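Undergrad: Can you build the whole structure from these sequences, using the hints too?
Residue numbers for the sequence shown follow the working numbering, so the first one is 65 and each next one is one higher.
Source of the hints: derived by calculation from the structure; they are not laboratory data. Note that this is a predicted model, so its numbers are computed, not measured. Be aware that one or more of the hints could be misleading.
What the hints assert, rightly or not - Mimicking DSS-like on lysine-lysine, the simulated pairs with C-alpha atoms at most 30 Å apart in a straight line are:
hint, residue 1, residue 2
1, Lys-232, Lys-276
2, Lys-311, Lys-232
3, Lys-183, Lys-263
4, Lys-142, Lys-232
5, Lys-271, Lys-232
6, Lys-183, Lys-142
7, Lys-276, Lys-263
8, Lys-168, Lys-183
9, Lys-271, Lys-178
10, Lys-311, Lys-263
11, Lys-178, Lys-234
12, Lys-168, Lys-263
13, Lys-311, Lys-271
14, Lys-183, Lys-271
15, Lys-142, Lys-263
16, Lys-276, Lys-311
17, Lys-263, Lys-234
18, Lys-234, Lys-271
19, Lys-178, Lys-142
20, Lys-311, Lys-234
21, Lys-178, Lys-168
What the hints assert, rightly or not - Cβ pair distances, simulated, as ranges:
hint, residue 1, residue 2, range
22, Leu-138, Ala-97, 38 to 48 Å
23, Lys-311, Glu-145, 18 to 28 Å
24, Pro-84, Thr-269, 20 to 30 Å
25, Arg-218, Ala-117, 30 to 40 Å
26, His-153, Leu-294, 42 to 52 Å
Here a beta-carbon is modelled for each residue, glycine too, at the ideal position from N, C-alpha and C.
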Amino acid sequence: MNDINLNNLDPQTFTFWMPPQDREIYIGADQRALHLPQVPLPVKCRDMEEDDAPTDNAIGQGVYDYLREFPDCLHNRKYAELLRDGYSHFLADLAAQIVMLDNKDVEPAYVYRKLTYLKILRILEPENTGLLWQLCQGFYSLAMTFTELPRARRYLLDAMRYGQDLVKLKGDDAAALNLLAEIDILFGDYPTAMTRFGKVLEHITDKQLADKIRARIDDCMTVGMPGHPLIDDLEMVGEAMQLYAAKDYPLATEILERLEV
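TA: In structure tokens, the structure reads:
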């Protein structure tokens, strides 16, 4: 693998190409010129011939497909800005797919796809609190989906990250603070959870909702906090589920029995 492809996350499908400094693409009916960013751009291997420069369309398609697969990749902001400025039809397609997935009761894989697409939009609008809430709540819900328990820790960390980013922008967001408190409980950070619940109570005026938060706090205090993070139990359930699917029933049963102790 050559140096330019060291950060290529899928070298079987993509190859990176460094555009010359004078390379432009031409946009719209008036053929407005746009200089390409001076970073390695992902192009589909099938669209890249040896020693040949890719076409304008191949550049846009490659960046779009790569970013949909790896929204957290190196140079993701440059890629998203290139789509915005030079290939806006791809972002329109992205938004249309998000709307379509929003209006359907879909499997977790499609929920994850929608969240991936929202990540791309968030790159372009880092202070959009609506996007941050959708990502926070979406990853939390995905983590709590039974079939996704093997990946629950990763999804909860994503939810926490977006929730914390939201609270930095909007410190009185009660919904985000409440969800972050629930995540803190799952990770065993009970003092922080209680602090967040307290902040929620400071910012809400709905008496019924406030009563629910107080009841949640009382429940935590009355029942007591587990001696280990609850996320560990969720992961064990996920592991048992995978073993059961692989027909390793004895080991799956052993794990579940350990949880009952």
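Undergrad: Each hint needs a verdict: does it hold in this structure or not?
TA: Verification of the hints:
1. For a cut-off of 30 Å, the pair hint linking Lys-232 to Lys-276 stands: about 25 Å separates their Cα positions.
2. With a CA separation close to 46 Å, the supplied pair Lys-311 and Lys-232 exceeds the 30 Å bound.
3. A C-alpha spacing of about 28 Å is found between Lys-183 and Lys-263, which places the hinted pair at or below 30 Å, so the restraint holds.
4. Note on Lys-142 and Lys-232: the hinted pairing holds, with a Cα-Cα distance of about 24 Å set against a maximum of 30 Å.
5. Restraint check for Lys-271 and Lys-232: satisfied, since their Cα atoms lie roughly 26 Å apart, inside the 30 Å limit.
6. For the hint pairing Lys-183 with Lys-142, the CA-to-CA distance comes to about 14 Å; that is within 30 Å, so the pair holds.
7. Distance check on the hinted pair: Lys-276 and Lys-263 sit about 14 Å apart at the alpha-carbon level, within 30 Å; holds.
8. Distance restraint check for Lys-168 and Lys-183: the Cα-Cα separation of roughly 20 Å lies within the 30 Å cut-off, and the hinted pair is therefore satisfied.
9. Distance check on the hinted pair: Lys-271 and Lys-178 sit about 34 Å apart at the alpha-carbon level, beyond 30 Å; violated.
10. With a C-alpha separation of about 47 Å, the suggested pairing of Lys-311 with Lys-263 is violated against the 30 Å cut-off.
11. For the hint linking Lys-178 to Lys-234, the alpha-carbon distance of about 24 Å falls within 30 Å, and the restraint holds.
12. The straight-line distance between the Cα atoms of Lys-168 and Lys-263 is roughly 34 Å, outside the 30 Å bound, and the hint therefore fails.
13. Between Lys-311 and Lys-271, the direct Cα distance comes to roughly 50 Å. Violation of the 30 Å bound is thereby established for this hinted pair.
14. Taken as a hint, the Lys-183 and Lys-271 pair is broken in the structure, with Cα atoms around 35 Å apart against an allowance of 30 Å.
15. Simply put, Lys-142 and Lys-263 have alpha-carbon atoms about 37 Å apart, too far for the 30 Å limit, and the pair is violated.
16. Restraint check for Lys-276 and Lys-311: not satisfied, since their Cα atoms lie roughly 42 Å apart, outside the 30 Å limit.
17. With a CA separation close to 13 Å, the supplied pair Lys-263 and Lys-234 stays within the 30 Å bound.
18. The straight-line distance between the Cα atoms of Lys-234 and Lys-271 is roughly 22 Å, inside the 30 Å bound, and the hint therefore holds.
19. Between Lys-178 and Lys-142 the alpha-carbon distance is near 21 Å, which keeps this suggested pair within the 30 Å criterion.
20. Using a Cα cut-off of 30 Å, the hinted pair Lys-311 and Lys-234 is violated, with the two alpha carbons roughly 48 Å apart.
21. Restraint check for Lys-178 and Lys-168: satisfied, since their Cα atoms lie roughly 11 Å apart, inside the 30 Å limit.
22. Between Leu-138 and Ala-97, the C-beta spacing of about 26 Å breaks the proposed range 38 to 48 Å.
23. At about 49 Å, the CB distance of Lys-311 to Glu-145 disagrees with the hint of 18 to 28 Å.
24. Separation of Pro-84 from Thr-269 is about 60 Å and departs from the stated range, judged on CB atoms against 20 to 30 Å.
25. Between Arg-218 and Ala-117 the CB atoms are about 38 Å apart, so this pair conforms to the stated range of 30 to 40 Å.
26. At about 45 Å, the beta-carbon gap between His-153 and Leu-294 stays in the expected band of 42 to 52 Å.
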